[in-house]
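Enquirer: Line by line, the protein sequences give chains A and B.
Letter by letter, the first sequence follows residues 21 to 273 in the working numbering.
Letter by letter, the second sequence follows residues 8 to 429 in the working numbering.
Simulated from the structure, these hints should not be mistaken for lab results.
From the three backbone atoms N, C-alpha and C, an ideal C-beta is built for every residue, glycine too.
One or more of the hints may lead you astray.
[Unchecked claim] Pairwise CB distance ranges, derived in the manner of DEER restraints: (1) D184(B) <-> V78(A): 19 to 25 angstroms; (2) S324(B) <-> E234(A): 31 to 37 angstroms; (3) N117(B) <-> H73(A): 46 to 52 angstroms; (4) E62(A) <-> R161(B): 53 to 59 angstroms; (5) E234(A) <-> D205(B): 57 to 63 angstroms; (6) H73(A) <-> D205(B): 52 to 58 angstroms; (7) D141(A) <-> R204(B): 44 to 50 angstroms; (8) S324(B) <-> Y46(A): 48 to 54 angstroms; (9) L17(B) <-> P83(A): 37 to 43 angstroms; (10) S192(B) <-> L165(A): 21 to 27 angstroms; (11) L17(B) <-> R55(A): 36 to 42 angstroms; (12) D184(B) <-> L165(A): 18 to 24 angstroms; (13) L165(A) <-> N117(B): 50 to 56 angstroms; (14) S324(B) <-> K27(A): 53 to 59 angstroms.
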Amino acid sequence: MNWSRAKTMLIMLLAAVNIYLAFNIYVQLHESAERETTMASEACDLLESRGFHIDRAVLLDLPETVASYVFERNEEAEANAAGVLLESMEESTPGGGIRTFVSENGAVTFRSGGFVEIIYDGMTEDQLAAFLDPGTGEGTGAELLSTEDGYGLSLNGIRIKGAKIEKNASGYMGTWIFSSSGKTDGASASRASLILNMGRLLGESGLASVDDAECIYVLSPQQNGSLRLVPAWQLSCGETILLMNAVTGELMS
Amino acid sequence: MREKLKSLLLVALCISTVVLLMVNLSLGIEDEQLSTSLGFYESYNADAQTSGSTVRPAKIAVGGAGGLYLASGGEASAMWSSVSPILSEALGSVTKITAIDREEFLARLNGYSIYTGFTFSVPFHMLQFWWTGEQGLSSVQAASNMALVEDDGRVSLVFCDSDKGEYYSADTAAGYDRFVEFCMSYSESNAFFAGQRDGYQMFVPYEPVWAEGAWFHVYSVSLPEYSEDGSVDEKLLSAFGFNPFLAETYFTTNGDIVYVEGYKALSFSSEGRVIYSSNGGSGIPIEGYSMLSGKAAEAHAVTAAANVLTRICSAASCPAELSVAGIDENNGKTVIVFERIEDGVMVTESDGYTAVVTVENGSITAIRLQLGSMSKLSESMLLPLDLASALIDGSGNELFVRCRVDGDTAVPELCWRRGGVR
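Chain A on its own, in the form it takes in the complex:
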């Protein structure tokens, strides 16, 4: 058999298989997105039929699926962040997960549960942003947010409640994620289940309408030093603001 002809036939065969597989992926993704949107829309219908007034566009603008993440404490990322501010720094570890880096410029203390204290005279905004930049690592969807009081953090475009660095009398302090990689812990929720849980919660709270709904992550420090990001709904109902665990549907505050 002619080897060149065999190669041509193989190329044609593989090209056909590739086209089929690519088409299959497109169809599955399209159907999945359509199915999810239909389910979310039906969940909205159900809520409206029960007398709840909710802006459908707000709900359908939310991410289709959210999952919770765990970020384990990363000593290397902490040392790298401290190194951005401090030169010729010395490290001390008095126990209890406390790490202090000291140099002539100032001091940075990392504590259990992602808490950090920075004492540094004359720190510029650029220096602080560079210190916080390692965040959750490149390419993971983490983004630095500038707020009125300092800095916040978002993951995959979702704001992380509890991750904030603010100015105090001696410098800056707050809770931050200094970890190079997060891990999903298997807990996730679809947009449709979020909407249904929200309806149940509104019913229990005696509220009938939602002015605004925001999907956020709530940063929850764990006793072993890691940080858990729990997906949650922040619902504005007039002057009442409810925070609901998106995975369990339980009221958080």
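Starting from the structure of chain A, add chain B where the hints point.
Expert: Showing chain B alone in chain A's frame:
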């Protein structure tokens, strides 16, 4: 040249076929899981982690800007989540423990504080190991009640062993700013220490008492469901180290299922009671036990036992949070008792503790465990303490709220301890 291009195209097509095939196989699962499967985010294995809370306090209170705030109902879990990193860094950074008298202990509780109370006097070095993973300095003290308090711009730890009537203080390197910021966030008061008001002399003076009635959840209790033919899930058997294909199965006259493999036996009752025993065999080995000795080995064994129980409960689809309720060492055997916690409240099973585990020579040789799932049913208000205190006589009592399982419900009730939980 043309043949070389063909060969390159062939290789490229082969690679793209494999990639597309993998993506096709990965589809059908959620987007987040897809990113996991592509290595963007790894999956977090909770079982591989050491139990962060081998022992949990039965009472948590914060001395804030408005006075003392004692957690009730579902608040205890949320409050625990907030205070545990602060407590953990304080315990891990204790430098020197000094004995103090009772008056000084009580005086230090005034002002900003984070207070915790346990159902038994927990050996201090074990508490340090369980909450920080670090070996402590002391092996003689124990803590039944403990508080982080402000101390001239620093955070100190004070604790007492109510069984022995001993009081201690220790310096810590816990963050003062974080501690004060946390305490200041509690601007309301709902409780007071018994010693701060007249009429509560039946309690120890450091007992936090609700000023008004407190609300707690009532739960429905459901038992684990086994398959129709009475057999137990392979995953659950594997959690006990049983091989489902080698174990012999027996049924008792009262409907219990018993598995026997070598020197090991495992029985499941329809009421959710599980009994495991290993005679003459090695039991369930505790990893890393042989590398430790003395108190460190004992503390590690308790954490390992807690992790084994957590895995078993998950395998039985009855996830439960467990806390150590007592440790007894006798003739080379360590018997550890665990109780279940639901929303921060300790649960009393119909026949006592949720689990009793025996450890011998670095292996778990016996387990008695009560399986079950609890779900919130309603809320119930406890009798206000000014009324309940009339029912309690004597002095030096400590108060606890526990959920008592009775049939298919678990109801909160006030209990008091006078040398043992009553």
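Enquirer: In this structure, is the beta-carbon distance linking H73(A) and D205(B) contained in 52 to 58 angstroms?
Expert: With Cβ atoms ~53 angstroms apart, the hint holds.
Enquirer: Between L17(B) and R55(A), does the beta-carbon spacing fit 36 to 42 angstroms?
Expert: Because 37 angstroms falls inside the window, the suggested range holds.
Enquirer: Holds or violated: the 53 to 59 angstroms window for the beta-carbon distance between E62(A) and R161(B)?
Expert: 58 angstroms, holds
Enquirer: Just tell me: holds or violated, for the beta carbon distance of S324(B) and Y46(A) against 48 to 54 angstroms?
Expert: With a Cβ separation near 37 angstroms, S324(B) and Y46(A) fall outside 48 to 54 angstroms, so the hint is violated.
Enquirer: Starting from the range 46 to 52 angstroms, see whether the pair N117(B) and H73(A) falls in it by beta-carbon distance.
Expert: Holds - the Cβ-Cβ distance for N117(B) and H73(A), about 50 angstroms, lies within 46 to 52 angstroms.
Enquirer: Cβ-Cβ distance between S324(B) and E234(A): within 31 to 37 angstroms?
Expert: 33 angstroms, holds
Enquirer: Given a hint of 57 to 63 angstroms, does the C-beta separation of E234(A) and D205(B) actually sit inside it?
Expert: 50 angstroms, violated
Enquirer: Range hint 19 to 25 angstroms: satisfied by the CB atoms of D184(B) and V78(A)?
Expert: 38 angstroms, violated
Enquirer: Given a hint of 53 to 59 angstroms, does the C-beta separation of S324(B) and K27(A) actually sit inside it?
Expert: 55 angstroms, holds
Enquirer: Determine whether the Cβ-Cβ distance between D141(A) and R204(B) falls within the hinted range of 44 to 50 angstroms.
Expert: 48 angstroms, holds
Enquirer: Should the hint that D184(B) and L165(A) are 18 to 24 angstroms apart at their CB atoms be regarded as holding?
Expert: 23 angstroms, holds
Enquirer: Given a hint of 21 to 27 angstroms, does the C-beta separation of S192(B) and L165(A) actually sit inside it?
Expert: The hinted range 21 to 27 angstroms holds for S192(B) and L165(A), with Cβ atoms some 22 angstroms apart.
The structure fails hints 1, 5, 8 and 13 (numbered hints given earlier, in ascending order).
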